[in-house]
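Let's have the full structure, built from the sequences with the hints guiding it.
First to last, the protein sequences are chains R and P. Using my numbering, you'd call the opening residue of the first sequence number 1 and step up by one each time. Using my numbering, you'd call the opening residue of the second sequence number 1 and step up by one each time.
Derived by calculation from the structure, the hints in this document are not laboratory data. Even for Gly, the Cβ is constructed at its ideal location relative to N, Cα and C. A couple of the hints might just be wrong.
Using 30 Å as the maximum straight-line C-alpha spacing, the simulated DSS-like pairs for lysine-lysine come out as follows [stated by the list, open to error]: (1) Lys64(R) <-> Lys100(P); (2) Lys41(R) <-> Lys100(P); (3) Lys42(P) <-> Lys41(R); (4) Lys42(P) <-> Lys55(R); (5) Lys100(P) <-> Lys1(P); (6) Lys41(R) <-> Lys68(P); (7) Lys42(P) <-> Lys20(R); (8) Lys14(R) <-> Lys42(P); (9) Lys20(R) <-> Lys55(R); (10) Lys66(R) <-> Lys41(R); (11) Lys55(R) <-> Lys66(R); (12) Lys42(P) <-> Lys64(R); (13) Lys42(P) <-> Lys100(P); (14) Lys66(R) <-> Lys42(P); (15) Lys1(P) <-> Lys66(R); (16) Lys41(R) <-> Lys1(P); (17) Lys1(P) <-> Lys42(P); (18) Lys100(P) <-> Lys55(R); (19) Lys100(P) <-> Lys20(R); (20) Lys1(P) <-> Lys64(R); (21) Lys14(R) <-> Lys55(R); (22) Lys64(R) <-> Lys14(R); (23) Lys14(R) <-> Lys66(R); (24) Lys41(R) <-> Lys14(R); (25) Lys66(R) <-> Lys20(R); (26) Lys20(R) <-> Lys64(R); (27) Lys41(R) <-> Lys64(R); (28) Lys100(P) <-> Lys66(R); (29) Lys100(P) <-> Lys68(P); (30) Lys41(R) <-> Lys20(R); (31) Lys68(P) <-> Lys1(P); (32) Lys55(R) <-> Lys1(P).
Here are the in silico distance ranges between beta carbons for each label pair [to be verified]: (33) Asp27(P) <-> Glu22(R): 30 to 36 Å; (34) Ala72(R) <-> Ala79(P): 44 to 50 Å; (35) Thr117(R) <-> Pro8(P): 27 to 33 Å; (36) Phe39(R) <-> Thr45(P): 18 to 24 Å; (37) Leu26(R) <-> Gln54(P): 26 to 32 Å; (38) Glu52(R) <-> Val13(P): 40 to 46 Å; (39) Pro112(R) <-> Ser52(P): 25 to 31 Å; (40) Ser18(R) <-> Glu17(P): 44 to 50 Å.
Spelled out from the first residue to the last, the chains are:
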Amino acid sequence: GAVVSQHPSRVICKSGTSVKIECRSLDFQATTMFWYRQFPKQSLMLMATSNEGSKATYEQGVEKDKFLINHASLTLSTLTVTSAHPEDSSFYICSALLPRGTGSNNEQFFGPGTRLTVL
Amino acid sequence: KQEVTQIPAALSVPEGENLVLNCSFTDSAIYNLQWFRQDPGKGLTSLLLIQSSQREQTSGRLNASLDKSSGRSTLYIAASQPGDSATYLCAVHLNTGFQKLVFGTGTRLLVSP
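This is the structure in structure tokens:
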């Protein structure tokens, strides 16, 4: 159980276009999901916390108008990179938090990641 | 601000060796600590999660310890195999409402046959 999927796994786009990445919890409901960014040979950096039915909470230095997050249902959060530029090229990973009371120890379950390349 | 550091940054060992990866964190007020494995270009695989009240967890050839007071955790890998080659990340769960994770810098492990 506790499987998280991401779509697409890889996307190449032209500079100036917008790209949407989906994160789904397949076998559980997640009121909270997280979006991370990873540059080559670096660790994961938390971008924002996505809460179902409310606005996302962004980390310091992350532009919320640039990275739009929508958590419209208990199993889906989306990250839209608006007007993408080459410097937005990165590996984006989402995670979903098992609800409290499920014996999860507040463990996050991670998706397989999305490789974004902006030309 | 919580900072997580891993030493060494890279490690290359021959198959069969036992090895230790180190993780240190600056703020001992953590909820959990978790070790992950990441293969190149892939997502994260959770290896072990240690609750703040625990001192260690074991899974197969892996053993992780936690010393909250000194801000340290170690991941011990016994009888290493080429399939263990990957990047190992430790992450601490902050004691905040949403249990944010702060990741370490990672250790790239190469086990040669």
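We went through each hint and held it up to the structure:
no., hint, verdict
1, Lys64(R) <-> Lys100(P), "holds (18 Å)"
2, Lys41(R) <-> Lys100(P), "holds (22 Å)"
3, Lys42(P) <-> Lys41(R), "holds (12 Å)"
4, Lys42(P) <-> Lys55(R), "holds (29 Å)"
5, Lys100(P) <-> Lys1(P), "holds (12 Å)"
6, Lys41(R) <-> Lys68(P), "holds (28 Å)"
7, Lys42(P) <-> Lys20(R), "holds (19 Å)"
8, Lys14(R) <-> Lys42(P), "holds (24 Å)"
9, Lys20(R) <-> Lys55(R), "holds (17 Å)"
10, Lys66(R) <-> Lys41(R), "holds (24 Å)"
11, Lys55(R) <-> Lys66(R), "holds (15 Å)"
12, Lys42(P) <-> Lys64(R), "holds (26 Å)"
13, Lys42(P) <-> Lys100(P), "holds (21 Å)"
14, Lys66(R) <-> Lys42(P), "holds (25 Å)"
15, Lys1(P) <-> Lys66(R), "holds (25 Å)"
16, Lys41(R) <-> Lys1(P), "holds (23 Å)"
17, Lys1(P) <-> Lys42(P), "holds (28 Å)"
18, Lys100(P) <-> Lys55(R), "holds (17 Å)"
19, Lys100(P) <-> Lys20(R), "holds (23 Å)"
20, Lys1(P) <-> Lys64(R), "holds (22 Å)"
21, Lys14(R) <-> Lys55(R), "holds (28 Å)"
22, Lys64(R) <-> Lys14(R), "holds (21 Å)"
23, Lys14(R) <-> Lys66(R), "holds (16 Å)"
24, Lys41(R) <-> Lys14(R), "holds (24 Å)"
25, Lys66(R) <-> Lys20(R), "holds (12 Å)"
26, Lys20(R) <-> Lys64(R), "holds (14 Å)"
27, Lys41(R) <-> Lys64(R), "holds (25 Å)"
28, Lys100(P) <-> Lys66(R), "holds (22 Å)"
29, Lys100(P) <-> Lys68(P), "holds (17 Å)"
30, Lys41(R) <-> Lys20(R), "holds (24 Å)"
31, Lys68(P) <-> Lys1(P), "holds (16 Å)"
32, Lys55(R) <-> Lys1(P), "holds (24 Å)"
33, Asp27(P) <-> Glu22(R): 30 to 36 Å, "holds (34 Å)"
34, Ala72(R) <-> Ala79(P): 44 to 50 Å, "holds (47 Å)"
35, Thr117(R) <-> Pro8(P): 27 to 33 Å, "holds (31 Å)"
36, Phe39(R) <-> Thr45(P): 18 to 24 Å, "holds (20 Å)"
37, Leu26(R) <-> Gln54(P): 26 to 32 Å, "holds (29 Å)"
38, Glu52(R) <-> Val13(P): 40 to 46 Å, "holds (44 Å)"
39, Pro112(R) <-> Ser52(P): 25 to 31 Å, "holds (29 Å)"
40, Ser18(R) <-> Glu17(P): 44 to 50 Å, "holds (48 Å)"
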